[in-house]
Each structure stands twice: as structure tokens, then as C-alpha cells.
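S.K.: Now for the letters of each chain:
2 protein chains.
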Amino acid sequence: MVQRSAFLQFASSEVDADILYGSGFFAYDPFLYLEYRGRCWLVVADFECDRARAESNVDEVWPAGVLAAEDQEHRRAKQPDLTPVGWAAAMLRRLKIRRVSVPGQFPVGMVRGLEQAGFSIQVSKEPAYPRRLIKTKDEIGCITKVQRQVERAMRAAEAMLHSSRIVKNRLVLAGRTLTAEDLRRVINLTLMEKGIVAAQTVVAPGDQAVDPHNLGRGPIRPHQPVVIDIFPRSSGTHYFADMTRTVLKGRPSAALSKQYRAVLRAQKIGLSMIRPGVAVRTVHQAVAECFRRLGYETGERDGRLQGFTHSTGHGVGLEIHEPPKIGLVPSSVRFRKGMLVTVEPGLYYLGTGGVRIEDLVVVEEQGIRNLTRYPKKLTI
Amino acid sequence: MVQRSAFLQFASSEVDADILYGSGFFAYDPFLYLEYRGRCWLVVADFECDRARAESNVDEVWPAGVLAAEDQEHRRAKQPDLTPVGWAAAMLRRLKIRRVSVPGQFPVGMVRGLEQAGFSIQVSKEPAYPRRLIKTKDEIGCITKVQRQVERAMRAAEAMLHSSRIVKNRLVLAGRTLTAEDLRRVINLTLMEKGIVAAQTVVAPGDQAVDPHNLGRGPIRPHQPVVIDIFPRSSGTHYFADMTRTVLKGRPSAALSKQYRAVLRAQKIGLSMIRPGVAVRTVHQAVAECFRRLGYETGERDGRLQGFTHSTGHGVGLEIHEPPKIGLVPSSVRFRKGMLVTVEPGLYYLGTGGVRIEDLVVVEEQGIRNLTRYPKKLTI
Numbered sequence: 056m057v058q059r060s061a062f063l064q065f066a067s068s069e070v071d072a073d074i075l076y077g078s079g080f081f082a083y084d085p086f087l088y089l090e091y092r093g094r095c096w097l098v099v100a101d102f103e104c105d106r107a108r109a110e111s112n113v114d115e116v117w118p119a120g121v122l123a124a125e126d127q128e129h130r131r132a133k134q135p136d137l138t139p140v141g142w143a144a145a146m147l148r149r150l151k152i153r154r155v156s157v158p159g160q161f162p163v164g165m166v167r168g169l170e171q172a173g174f175s176i177q178v179s180k181e182p183a184y185p186r187r188l189i190k191t192k193d194e195i196g197c198i199t200k201v202q203r204q205v206e207r208a209m210r211a212a213e214a215m216l217h218s219s220r221i222v223k224n225r226l227v228l229a230g231r232t233l234t235a236e237d238l239r240r241v242i243n244l245t246l247m248e249k250g251i252v253a254a255q256t257v258v259a260p261g262d263q264a265v266d267p268h269n270l271g272r273g274p275i276r277p278h279q280p281v282v283i284d285i286f287p288r289s290s291g292t293h294y295f296a297d298m299t300r301t302v303l304k305g306r307p308s309a310a311l312s313k314q315y316r317a318v319l320r321a322q323k324i325g326l327s328m329i330r331p332g333v334a335v336r337t338v339h340q341a342v343a344e345c346f347r348r349l350g351y352e353t354g355e356r357d358g359r360l361q362g363f364t365h366s367t368g369h370g371v372g373l374e375i376h377e378p379p380k381i382g383l384v385p386s387s388v389r390f391r392k393g394m395l396v397t398v399e400p401g402l403y404y405l406g407t408g409g410v411r412i413e414d415l416v417v418v419e420e421q422g423i424r425n426l427t428r429y430p431k432k433l434t435i
Numbered sequence: 056m057v058q059r060s061a062f063l064q065f066a067s068s069e070v071d072a073d074i075l076y077g078s079g080f081f082a083y084d085p086f087l088y089l090e091y092r093g094r095c096w097l098v099v100a101d102f103e104c105d106r107a108r109a110e111s112n113v114d115e116v117w118p119a120g121v122l123a124a125e126d127q128e129h130r131r132a133k134q135p136d137l138t139p140v141g142w143a144a145a146m147l148r149r150l151k152i153r154r155v156s157v158p159g160q161f162p163v164g165m166v167r168g169l170e171q172a173g174f175s176i177q178v179s180k181e182p183a184y185p186r187r188l189i190k191t192k193d194e195i196g197c198i199t200k201v202q203r204q205v206e207r208a209m210r211a212a213e214a215m216l217h218s219s220r221i222v223k224n225r226l227v228l229a230g231r232t233l234t235a236e237d238l239r240r241v242i243n244l245t246l247m248e249k250g251i252v253a254a255q256t257v258v259a260p261g262d263q264a265v266d267p268h269n270l271g272r273g274p275i276r277p278h279q280p281v282v283i284d285i286f287p288r289s290s291g292t293h294y295f296a297d298m299t300r301t302v303l304k305g306r307p308s309a310a311l312s313k314q315y316r317a318v319l320r321a322q323k324i325g326l327s328m329i330r331p332g333v334a335v336r337t338v339h340q341a342v343a344e345c346f347r348r349l350g351y352e353t354g355e356r357d358g359r360l361q362g363f364t365h366s367t368g369h370g371v372g373l374e375i376h377e378p379p380k381i382g383l384v385p386s387s388v389r390f391r392k393g394m395l396v397t398v399e400p401g402l403y404y405l406g407t408g409g410v411r412i413e414d415l416v417v418v419e420e421q422g423i424r425n426l427t428r429y430p431k432k433l434t435i
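The listed protein sequences derive, respectively, from chains A and B. Each residue of the first sequence is one higher than the one before, starting from 56 at the first, in the numbering used here. Each residue of the second sequence is one higher than the one before, starting from 56 at the first, in the numbering used here.
Treat the hints as calculated values from the structure; they're not laboratory data. Accuracy of the hints is not assured; some may be wrong.
[Unchecked claim] Coverage of chain B stretches by chain A, computed from C-beta distances (three or more under 8 angstroms per stretch; other residues unrestricted):
(1) 94-104
(2) 193-201
[What the hints assert, rightly or not] Computed list of lysine-lysine pairs in DSS-like fashion (alpha-carbon distance at most 30 angstroms, straight line):
(3) B/Lys223 <-> A/Lys249
(4) A/Lys180 <-> A/Lys323
(5) A/Lys200 <-> B/Lys249
(6) B/Lys133 <-> A/Lys180
(7) A/Lys380 <-> B/Lys133
(8) A/Lys151 <-> B/Lys180
In this text, all values refer to a predicted model and were calculated from it rather than measured experimentally. For every residue, glycine included, the Cβ atom is placed at its ideal position computed from N, Cα and C.
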């Protein structure tokens, strides 16, 4: 635990990775988590206390209703304050804390409420847990397990494409036209079999992939690339993984084959440059430069942003998008041993469609270790 | 759209239902959404602009990178400010807005940053969209569709229990011991087939259900109740649904049968009382009173909170837990036509185990309309 005066968080640990990382307690409803003088506390709804005691890693769990009632008595108030501000104020009063720091994502409404109740709130400019950037062996293990299932799901989707037949401008499987929805379903079901939750898997055929977060829909066409980006979360460990492949049933055009090779080459350059001490932005710049050198320009064309339109990668952990972002960030942001990032260059043009290739890697002493074990092959 | 001076939100619409409701744009990464003089704007990453224009319901979509660069030129700054504060400041400067209000859940770090940049920030104490409380016909339709799939998933789980055989203290299906994990898997897969995402389905046998949010694990025992609580979200519409049943393979003890009938009776009382104008807390109090009258006490026993330990229900919509909470809330909170809530009393005792029965209902002129079409029967 980080040593600091008093550090308070309030969030649902389903959506706030910091409070999950700090408390080890997973809950849909927001709760309070306090670190103070080397100890830590949770305040949760009364009926969640026994579960919090069993599942969290804190020193003490206080039931919010009981705490608020005791605080009411102590202050001789008319009624207990059962709002989140009331919970927090009761907790701080009981511990005789007047000054407390909170993370930047703390809700401003609660800050104002606590200030009105006489507390002094300092907003931390630092990340709550800088060590979240550096993954432990256990964390790498959790993420690798998810990545293996991502690969299994990708294989299931490829198998459907493989088994389909080209009938004019459609792919036909078991007498039905194969769609993006079919591939997404088999991917998400394959993951769910293992308790891994993919809510928004991208299966974007052809020009649909020009918007990199377009989920994709409708028939898969022969001779057309499909971007498949799978980034699910384990319902057990709550860690994410992330992988993208671009595949095609049929024969790629010469332009598409060239575009695919360019993305492969850019990814290779990115992967080869990552090691401790290297500025993150230089990797992104090298990837972008590789595309320019090969003649692939980025910018608005026909009213749509085309080319290499996103960053090169991002950290992955308890959030799908964590620091470091591998993009045009300040040059002081450097790779460090134990960071776990994606490397996912892509090129997107109306007409040829999208190509993205994404691996998940961990930064080691001498360079990267690729956690991804899946071939990169355009044609199925 | 609500008419107010300038109202700014910043969040991921995956986790913040207000920004999703306001903008109609679903995205994992946080973005800015502004309402001002009857118009609304999004600021998103450059590569998300085309998708935002196609999928959102706003008047204008601005690319964050381009906006920051223009702002840099305008201010003759050394570099563009690519932080969320920089995006927001550039947006507000371009629209010549100096004062802006934000919702209570807005991140305090951004408020401090914007204040330092010279903006005046007012924190709204009201919900961003009071009309979210009252569901439209379309919203009720979306939620009902999810509830039908929840029922299909519940049937799949019951079918497994039904097909299993009692062998001493285990249930055996296809030669294997039936577990909570097996039932959870079939439920989550049944939902995922239809693009409905259940991440944390509760299948809690026996005493495990005494913690109402305990997910449950291990073998299902004969003659022992299993609390099955399914509350998934549609990956298409992003609306939730929610249903709980308590079932048992074998023969219930007399104590358990009595406990089950008590919960049924309490639910009936709750359902019968709900209509526009009724104070929400009186329904919760009547449910609690019903249990007391029947001899079921609530409190700590053997170091564990037991009895009727949670509230009677909650609103459901773009969040799984929305207002109104049917609990000890101020008596000014009253049911209104179009509210959509769960009614889910439960009793939890070590030894007999947990019983919870939950329906999803909509408040109409004369009382409730139950959106749930699933029998309530303890023994399978």
C-alpha cells in the first residue's frame, strides 16, 4: 500500500480500476475505500459487509448504515445521513480525519459536499497507484490466460470462414449467408464458455473497418478483408486481453496484399523498438514514418479520415485502455520493464478496407516478450 | 434536450448512463458532451468522429486533435493541450463559454483544471436527466426484450436441474456433479447467443446466498435452495433487465417451504401497493413489516447479518441500479407512472439458506404491470 496521509476513493469497482486494485473488492455499487497510516478501510452497504470481509484485502469493513446511525447519535442529528457524502463524513469523523486527498476521477459533487461539511479535500494529480503500470508476474499470468482464450475464439471465427463456400458475392455456411453477427456470436460464445466476457467484439468487413471502433454488421463478402478485434475481460480475475487479426476468404487484390504487408512491417518495427528507456512516442513516430515511406498517407479524403488514424497501442490490465498510450505523448513517457502493451498499427482506406494487426506484449530487459501466439495470415 | 445555460459531461458512455442517454453515443473511451442553447456537441478522438457522426444524436461532432491544434494556434501556445482538460478548454473557448455546469459525478480533477484555466464551474445538484426516471414506451420495449431472454436463460438452468439425478448429496447430470458454475455457464451462454451480456450472474446454493451478492460456486446439493439472479445488459440497446428465482431439486424442509411462502407473500404485498403517488418507503416498510409479523427477524446472528437484509427493489434502465431505490429513502420520493422497478424481497438464514423472488414491473395509472412472465415455484 502506498504511504500517504489519508487517501479516499468512492466508486464502483466494476468501472474504476483503481478502487478495484486498491481494495481487491469487486462490486457493482459504489463504495468507499480509505487508506490512512498504513491501514485501509471499506464502507459498504450493510448487507455487503460479510462478502467484503471475505473477498477484499482491507483491514476493516464498516457497514454504512450502522456507521451513519452511530454518527447521527454522536452529532445528535435528527436523522442519519445515508448519502455517500454522509457515509464518507461519518467515516472520516470516526477516524478523526479532517484533511483527505482524493484521485482526479473522484466525483466533484462529493467533494463539494464534504467541503461543506468542513473537510479539507486535496485533489491528487498523481495516478492513485503508479505501480499499476508495471505488471507483476501474477498479473501477466492472468492476462496471458485471457489472451489464450482470445486466440481460441479467433480460431473458432476463422474456422467458420474456412468452412464457408464462396457463392457469387456471399459466403455460405450451412445454407445461410455468413455475417459479421455470426462471427461475433461464435467469438463471444467461445469466450463465455470460459467465463470471459466480450461485450463489443469488432468484426468489421471491408469499408466498415475504416471507423476502427465500428463493430461491423451484415454479410461478409468474399475477397474482402475483415478486421476482427477481440478485447474481453475475465469475470473471475477482471483482467483484460486484446488481439486483432485481419483475415479474408478468397483472393486479396494486389493493393490489399501490399497494404497488409505494410501493416505487418510497421508492426515489426514497433515491436523491435520497444525496450526499457525508449520514449514511447518515438515508437509511434517510427510506425507512422514507416507508413509514409511506403506511400500510405493519413488525412481526410472524401470527407472521411483515412490512413493510419489511431495510436500504435496502449497498456492493458484491469482496464482495456491503460497508460501508456503509444502515441504522441510527452517524450518523458518511456517504456519500463513490466509494462504490458498492445502494438496494433492499422491502415484504413475506403475501397480496399481496413487492416489492423495487434499483439499483446510485455516489456522485458532486452525487448518485448510477445504474449500472443497466433499466426498473422491474411488469406484463410 | 433540457434547456439550461451550458452543461458539460465527460465520461465513457459504457459506464456513465447519463452521457449515453444524452448523446446516444456508445464508446469505451471517455469523451466530452456539451449542451448549450438548445444544441449539443461531442468532442471525441479524431478517429472516432465519423462513427460519432453516424451513431450519435448530437448536432456537431468535433475531432479533439484538430480542435486542440486550432486552439493552440489561437492562443499562440507552444504545444496543443491533448489532455481532457485541454479538449474541454478548447471547446469552451471556441464557443465563447466562460461558465458551465457539470453533473455531480464529473471528475474533480477536471474541474480543478478548468478552474485554473479561468472557467467558472457550477456543480449541479440535480440529476442530469430527471426524465430518465420515467421510461418511454420504447425503453420499456427494450427492457422487456431483455427480460424475455432472461426468462429463456432461467428455463435453461431449470432444465439442467430438472434433468439431473439425486445421488446421495450430489446432483448428477451426464455423469458429472452439477455445480453453480455449470448453471451460470448455461445462463450466460443462452443470453450471449442473443447478444445479451451477463457478466456476474448469481447462482448461490444454500448458505452462500446469505450474502446476497455472493456469486455462488461448487456443487448444488439436493433439497437445498439455489438463488438464481440474472441481470444482464443488451449489447445492442444497452438496457438491462433483472429477475431472480429460488429453486430446489428434491424436497424442501418445512422451514424452507414456510420461508419461501413468506417471501412470496411479502412480494405480493409490495406489488399490490405500488401505484403513482405512493411513497416508496412505505412499500419497503410494509414488506419488512410482513416479515416481522410472520416471525422473521433481521439482524446480526452468529456474527452474520441475517433476515431481510437489503432493500425491496430498485429502478432498472441504462443502469442495473437506478433510482428509485425502494428502501428507507425520504418520504418525498414517490412512485410515478412510467417508473420501472424490481420488487425483490428476500430472507436469508444460515442453515435454511437464502430465498429471493424478483419481478420487474412498470408503474401504471392503476398499479403495476408485471413485465415478468416466469412461474414462481420452489421445487423443480
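S.K.: It remains to establish, for every hint, whether it holds in the given structure.
M.R.: Structure-based check of each hint:
1. 94-104: Holds, because 5 residues of the stretch 94-104 of chain B bring their Cβ atoms closer than 8 angstroms to Cβ atoms of chain A.
2. 193-201: It is violated: at least three residues are needed, and the stretch 193-201 of chain B offers just 0 whose Cβ sits closer than 8 angstroms to chain A.
3. B/Lys223 <-> A/Lys249: Status holds; Cα separation ~29 angstroms.
4. A/Lys180 <-> A/Lys323: violated (35 angstroms)
5. A/Lys200 <-> B/Lys249: Holds. A/Lys200 to B/Lys249 sits at ~26 angstroms (cutoff 30 angstroms).
6. B/Lys133 <-> A/Lys180: Given pair B/Lys133, A/Lys180 holds - Cα atoms ~22 angstroms apart, limit 30 angstroms.
7. A/Lys380 <-> B/Lys133: holds (22 angstroms)
8. A/Lys151 <-> B/Lys180: holds (28 angstroms)
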